[in-house]
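Line order of the protein sequences matches chains A and B. Numbering-wise, the UniProt record's numbering puts 2 at position 2 of the first sequence, and it's gapless, one number per residue. Numbering-wise, the UniProt record's numbering puts 206 at position 206 of the second sequence, and it's gapless, one number per residue.
Be aware that a few hints might be false.
[Unchecked claim] Here are the computed lysine-lysine pairs in the DSSO-like style, where the Cα-Cα straight-line distance is at most 30 Å: (1) Lys557/B - Lys156/A; (2) Lys156/A - Lys171/A; (3) Lys164/A - Lys207/B; (4) Lys557/B - Lys171/A; (5) Lys276/B - Lys164/A.
[Claimed, not checked] Chain A stretches covered by chain B per the calculated footprint, using a threshold of three residues with CB under 8 Å from any CB of chain B: (6) 84-93; (7) 109-120; (8) 178-184.
Since the hints were made in silico from the structure, they are not lab data. The C-beta atom is built at its ideal place from N, Cα and C for all residues, glycine as well.
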Amino acid sequence: MDPNAKPDFETPAGREARYGEFVSLLARHDQSIRRFVRSLLPSNQGVDDVMQETALECWKKYESFTPENAEDAVDEFIRWACVIARYKVLSWQRDSSRDRLVFRESVIERLAQDAMQDLEQRDRERQAIETCLGELDADQRRLVLSVHSPGESIAKIAEETGVKTRRLYSKVNALRKRLLDCVQGRLVEEL
Amino acid sequence: MDDTIRNLIFQAIDQTISADDFDVLQDAIERREDVRAEYLRAINLCESLGEIATESGGDLHGNLHGDLHGGPPKRNDSPASVLDDASGWTWQRLAIAAAVLVLVSGVAYWFGRSNDAEVPQWVDVNQDLLNEPEEALIAGHATLRSAVDLRWSNDSLAFREGDVLPNGVLQFDEGIAEIDFFCGATLIVEGPAALDVESDWSVRVVKGRLRASVPPAARGFVVKAADSEIIDLGTEFAVEVGADEARVEVIDGEVELRGGRHDGDHLVTGEREWLKGSQSRPDAFKGLSTLSDLQRRREDAQTRQFEQWEIYSRQLRTDDRLIAYYPIAESAIDRFVPNRAATGRELDGILVGPVTRGQGRFGAVSTGLEFDRPGSRVRTRIDGEFNAFTFACWVRIDSLEHRYNSLFMGDGYENGEPHWQLHEDGRLMFSVMVDDTPGSGLGSAEDSRLHRIYYTEPIWDVSKSGKWLHIAAVYDPVARQVNQFVNGEPISSEPITDQFHVQTLRIGTAEIGNWGQPLRNSPWFAVRNLNGAIDELAIFDAALSREEIQSLYEQGKPLGY
C-alpha cells in the first residue's frame, strides 16, 4: 500500500485501517507521551486522567493527523499527541489549581516548550540511567528504587535497618543526585 | 545546579514540598532554563526508576490496580464499527484494541496499566512521610522530676530535671533524686545510690536508700533488692541496700516479698525485714527524706542558685560590650522588660499581646516570658551600628509548632539586621541580611534578597520539651566566623565567605519571641511565635569567646544542670 495514501474514514474498512494504525502508534509511543505529561505535573496525580483524555482526544482528532511521509509519521505523531496532551494538562490544571502541587499555567507552558524539544533526549537518558544504576552497589540500588517499587517502601527499609526514615530520604536524594550527575556525564561523553 | 533547587525538585516529585517552597520552585522553573532542564531530567530519572523498579519488582499490584483503575467500563456503547471484524488480528493486537475500545468508551484502562505499580506505592510513600512527624516516640520508663545537689557518678549517664529516664543503670554519689515512674510510683532516692530502671513497673536497687510512694493506680510496682522482689500492695515503703545487707520497712500500707529468704511474707505498717545480711543497724531508716523534705531542700537550693545568679547578673550588666541585657528572670509584673545594660531604659522591651509571665528557670522565684500565642511579642528598638554580635539566652521550648520559631528577630530584616530562630526540625538558624535589594538574592524568587542562614544540627526534639537550654550565636566579622553554642558547648562553626560578609551590623526595631513586620505594608504577619519561654537575653557588640559563653552558661544554669 502506498504509505502516503490516506485510508478513508468514511468506509468501515478505511476506518478500521486507520484505527489499527492509531492503536499501534499509541502502543509504541505511550511511554513518551506519558513522560511528557508527567513532566508537566510534579505529582503523579492527574497523569492517568490526562492520559485518558489525551488518548480520547487523539482518537477523535486522528482524522486531522496527516503526516507528510511515513518516515516522519512516528515523530510527528508524538509531537502532535504532546500538543494535545499539553492542552489537556492545562485544562486539568484549571480544574485542580486550588490543590497543592499543581504548576501554574505559565510554568506548564514553559516546561511544555522545553520538554517538546527534548523528547528524544529522554530515551537516551533512560539508557544512561540503567547504566548508572548498575554502578551503584546493591543496597544503594535497592534504596533508590524502593521509593518506586511495589511491595517495598522506605518505611520498610527503615524498620529493617534501624535507620530513620528521614535520614533514608536524604540518602535517597543523594543517590538521585549522583545518578543525575552520572547520566549527565554519560550523555556528554556521547556527544 | 545548586543543591537547594535539586532538593526542592525531589520534594516536589515526592510531594513533600511545602507550599512556600513550591512557589520558590515554580519561580525558578519559570525564570531559569537550567532549572527547567534539571527538573525535566529529574522527573525523567524518577519515572525511569519507577519503570525499572516495576519491571524488576514483579506484578504485585496488577490485580489491585485492576480494581482501582481498570474496573469494568461503565458504558459499553462504543463506536461499534471499529472492531467488527477482528478475526485477522493477533491476540496481542486484539488485546490492545480491546483496551482501546474500553478507552474510547470513556475509561482509561490501557493507559493507566503501564503505570500500574506506582500508584499505590506513591500513596504509601507519602503516608510514610506525612505520618512520620505525627507520632513521636520516646524511649523511657520514668522521669527525673527533681534533683537536689545531685552529683552523678563518673561512669554513669547524667540526667537533668525533666529528663526521661531510659532503662538501665542510674548512679549518683551525692544528692537526692525524685523519680516518677510512668506507672505512677514515685521514688525519693538518696545518694550514693545505684538503680537499674527495668520498666515502667519495676526497678532494681543496686545500692542506696530510697522511699517508694505508690498510689493505687501503681499498685503492683516492684522494687528488687538482693534476691527479693518487694511488691507494693499499699502506699509507702523504704528500702536500703548496702554492700552486705539489704532491708525493707513498710512506712504505711502493705508489701509482699517474693523470692529470697522471706518468700511469700507480707509486711504491714511499721514492720521491717532484712533481705540480706544481719540486723546490725536497727536505725538505718532514721532521717530518710520525705517528699516534703525534698521539696524544702529543693526550694532552698533553687533560691540559693537564683541568688548566686543575681550576683553574677549584676556584675554582667557592667560589661560595656553589652548592647542590651534583659534579665527577665528577676523582672516584676510590669508590661515591660527593663534593659539592664548601660545603654539604658530607651531599650526596654515592651510586652505586646498575650505574653504571659510564667516560672523562670529557677522555679517559682524567677520569671520567664511565654510566647505561646501568635500575637505574643516583646518589642524593642535598638539603634546604632555594631561591629559584631553575640546573642545569648535561656530558653524553654515546649514545642516547635511553626516552620520557623523566633528567638530574636529584626523587624524588616534589612541590611546588617539579625534573625535568630529555630527551624521546625530542631535546627538553630542564625542569619544577617547582606543585601536587602530585591533580586540580589540567590533564591529563585524575583524579589529574593541576599543573606545566608547558618544552621546547626538539630538541637531540640520533643524529648527536650519544657527543659531550659542556654543557647548562643556569635557573628564575628573580624575572624569571619559564625559560632553557635548550646549549654556552653560549641555545636557549629562556619566561616563567613566574602559574599556574605557583613561589616556593619544593625538591629533597629526588633522582637523577642516573635517576628513583627510592622514596616511592611501588609496586614499579614508570619506566625513565628516561640511556643515556650525566655528568661534572660543578652546581646553583645562583640564576638564572645568560647570560654565566655561557657561562663554565661555556668553562672546562669539552674538547679540540676
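| field | Coverage of the region 178-184 of chain A by chain B (three or more Cβ within 8 Å) | value | holds (count 4)
| said: Please verify whether Lys164/A and Lys207/B have alpha carbons no more than 30 Å apart. | reply: The given pair, whose Cα atoms are some 37 Å apart, is violated under the 30 Å limit.
| Can the restraint linking Lys557/B and Lys156/A be considered satisfied, given a maximum Cα separation of 30 Å? | Between Lys557/B and Lys156/A the Cα gap is close to 43 Å, so the pair fails against 30 Å, i.e. violated.
| task | Sort out whether Lys171/A lies within 30 Å of Lys156/A, counting only the CA atoms. | result | holds (15 Å)
| query | If you draw a straight line from the CA of Lys276/B to the CA of Lys164/A, is it 30 Å or shorter? | reply | Roughly 46 Å between the alpha carbons, so the hint for Lys276/B and Lys164/A is violated.
| Under the criterion that the straight-line Cα-Cα distance not exceed 30 Å, is the pair Lys557/B, Lys171/A satisfied? | The hint is violated at about 38 Å.
| said: So is the region 109-120 of chain A in contact with chain B by the C-beta rule, three or more residues under 8 Å, or is the coverage claim wrong? | reply: Holds, because 5 residues of the region 109-120 of chain A bring their Cβ atoms closer than 8 Å to Cβ atoms of chain B.
| Per the coverage rule (Cβ-Cβ under 8 Å, at least three residues), is the region 84-93 of chain A covered by chain B? | Answer violated; 0 residues pass the 8 Å Cβ test.
In summary, the structure is inconsistent with hints 1, 3, 4, 5, 6 from the numbered list given earlier, while agreeing with the others.
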